[in-house]
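Visitor: Next come the chains, spelled out residue by residue.
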Amino acid sequence: MKVDIRELGQFNHLASQGAERAARSLSQLTGVAMDVEVTDVSLVTENVLAETFTGKSFVGVELGLEGGLEGETVLAFERERALMLQDLLLKATGSSDELAQSSVTELGNIMIGGFIDGWANHLGEAINMTPPKYTEAVGPRILPDQAIEAAKNHGVFLFESKLKAMDVDLDFSIYMLPEYRQFVELLSGNEGNQIPVNRLSAFEDLAKEGAGNAAGQIGMMTGLDTDVDVSRLRFVPLKGVPRQVGDDRYVGVVFELKGLPSGYLVVLFDEESAKTVASSMMPGDTSEEEIGTMTEGAIKELGNIMTSGFIDGWANVLGTSIEHTPPNFVHDMGSAIMSPVVGKLGTQQEYAFVIDSTIEIDGRQGRCDIYALPNERELARALSALPARG
Amino acid sequence: MAKRVLIADDSEFMRNLLREILEADFEIVGEAENGVEAVDLYKEHDPDIVMMDIVMPIRSGIEATDEITDENPDAKIIMCTSVGQEEKMKEAIKAGASGYITKPFQKPNVLEAINDVIPA
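Chains as they are written, first to last, in the working numbering: chain A, 15 to 404; chain B, 385 to 504.
These aren't lab readings, by the way, just hints derived from the structure by calculation.
Ideal Cβ placement from N, Cα and C applies to all residues, glycine included.
Wrong hints could be hidden among the right ones.
[Said to hold, decoys possible] Which chain B residues face chain A? A few, computed with CB under 7 Å, are given here: (1) D394; (2) S395; (3) E396; (4) F397; (5) M398; (6) V439; (7) P441; (8) S466; (9) V467; (10) Q469; (11) E470; (12) E471; (13) K472; (14) K487; (15) P488.
[Stated by the list, open to error] Chain A is nowhere near these chain B residues, computed Cβ spacing over 12 Å in every case: (16) K387; (17) L425; (18) D430; (19) T453; (20) G480; (21) A497; (22) D500; (23) P503.
Given these sequences and hints, build the entire structure.
Guide: Below, the structure written as structure tokens:
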């Protein structure tokens, strides 16, 4: 089965609009101003679903789709956030606790409606929704069985929109999982632009392996325990990337990749992690109060080695050669670091595959985020040449 | 005399919200949780207007609208739903709906929609 990357972009665009409608609905019902930070789509495996959902309690609103798009879909709220929403909704209507489930169910119904409408109008065909059902579960069990089954067999497309409240602490994600087979058919587009869908999963595995190598290299150079926490291949609108990285301050390095595919790779540490990692790389008890030349040197060196570990695997599997420029040291807000990268890529493409990997350092004491943004067309070309997975 | 309204929505939350919006100016003659109840309550009360959700269990709002307008082509039914698809709107109009509002709505939207269908 093959997908046209431009169709994936189109559906992502519609999902972004849907998320914005959903945010407006939520604002109207609760009185809380909401904004959509980013909507991305990724083809996720069972392992990624587990990484995304495990350890959290969810409240879900599940409904079936028939017609232009079929399958089960769920809108999942983290339980704590759902309870806050219930409080806001019940305050708005002055109703009793008995209505709590009904209020969240209706909210989910309205929000999913916002997503589905755009897709239906794009398809020129009605998508019928079955009545919404309230569910509660821990971990991936919040998802429809068929989505978990599809993730096991070949992966499933997961749309995630991150919503941010303007004045209160009510940030949360909403997740949508259309039925795999039919959705892939909708993405088939033009033959000339198609990539076999299983190559995306293969590339995600490759990216995860690269993150594992990079984590190993941090461990080797610092003596600290490291582990890959999350690694996802996301398809995102480029303009959403800086917001996704956020306004916290980071220390890191930016590399330009040259070869097939070209692009950018950014390695970011939060400030404390950068100091910890840098001091661990130095002999004796050396540390800096502020980010200074010692930290800069250490992070550049580490970034260099991590980047090679990250991209060598790509080059070997894709049968290409990828080189990278010397590290460009950065110390700024995440969004400010990513904006120039996005600006350069944005002259050639509107959407990007972003490989987003988080490495835990020394338990959960520190973290490192790696963002790889390959040129979309070049990556598609390279993926088309990949051998099919068994 | 206040106009008589029937509310049909499977969500208790949404029925309450609509009741709060309408009860000052209208007489609420009944509340239905599905399309079958909506048809039964319509026959029982013959309301001036029905506020009808589309996605409901047992029988959808469009099917219920079709059944009501088959018996009474002059029935005034406003679809109030989270579904804003053009194709669905066409289906609702074909079934005999007089108006359409999209959730979430606020009091002025609801009153305006009703006024468009049954001017005061």
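Visitor: All the hints need checking, so say for each whether the structure fits it.
Guide: Quick rundown of the hints versus the structure:
Because the beta carbon of D394/B sits about 5 Å from the nearest beta carbon in chain A, less than 7 Å, this interface hint is met. The closest approach between the C-beta of S395/B and any C-beta of chain A is roughly 4 Å, which is under the 7 Å cut-off, so the hint is satisfied. Hint on E396/B holds. Least Cβ distance to chain A is approximately 4 Å, under the 7 Å limit. A distance limit of 7 Å between C-beta atoms decides the matter here; for F397/B the minimum to chain A is near 4 Å, and the interface restraint holds.
Interface hint at M398/B: satisfied, since its Cβ lies 5 Å from the closest Cβ of chain A, which is below the 7 Å cut-off. With 7 Å as the threshold, the beta carbon of V439/B comes within range of chain A, its nearest partner Cβ sitting at about 5 Å, so the hint holds. Taking 7 Å as the C-beta contact cut-off toward chain A, the hint placing P441/B at the interface holds, the least distance being around 5 Å. Satisfaction of the interface hint for S466/B is found here, the shortest Cβ-Cβ separation to chain A being roughly 3 Å, below the 7 Å cut-off.
The beta carbon of V467/B is positioned within 7 Å of a beta carbon in chain A (closest approach about 5 Å), and the interface hint is therefore held. Taking 7 Å as the C-beta cut-off, the interface hint given for Q469/B holds, the closest approach to chain A being about 4 Å. For E470/B, the shortest C-beta to C-beta distance to chain A is roughly 5 Å, which falls under 7 Å, so the interface hint holds. Interface hint status for E471/B: upheld, as the beta-carbon distance to the closest one in chain A is roughly 4 Å, under 7 Å.
Evaluation of the K472/B hint against chain A yields a held restraint, the C-beta minimum of about 5 Å falling below 7 Å. Look at K487/B: its Cβ gets to within about 5 Å of chain A, closer than 7 Å, so that hint holds up. Nearest Cβ of chain A to the Cβ of P488/B: about 5 Å, under the 7 Å cut. The hint holds. In this structure K387/B is separated from chain A by more than 12 Å, as the shortest Cβ-Cβ distance comes to about 23 Å.
The claim that L425/B lies off the interface holds: its Cβ sits roughly 18 Å from the closest Cβ of chain A, which is beyond the 12 Å cut-off. D430/B, annotated as away from the interface, keeps every beta carbon of chain A farther than 12 Å; the closest lies near 27 Å. The claim that T453/B lies off the interface holds: its Cβ sits roughly 19 Å from the closest Cβ of chain A, which is beyond the 12 Å cut-off. At roughly 17 Å from the closest C-beta of chain A, the C-beta of G480/B stays outside 12 Å, upholding its exclusion from the interface.
The claim that A497/B is not at the interface with chain A holds, since no C-beta of that chain comes within 12 Å of its own (minimum 16 Å). The Cβ of D500/B lies farther than 12 Å from every Cβ of chain A, with a closest approach of about 21 Å, so its non-interface assignment holds. Look at P503/B: its CB is around 27 Å from the nearest CB on chain A, clear of 12 Å, so calling it non-interface holds up.
In summary, this structure violates none of the numbered hints.
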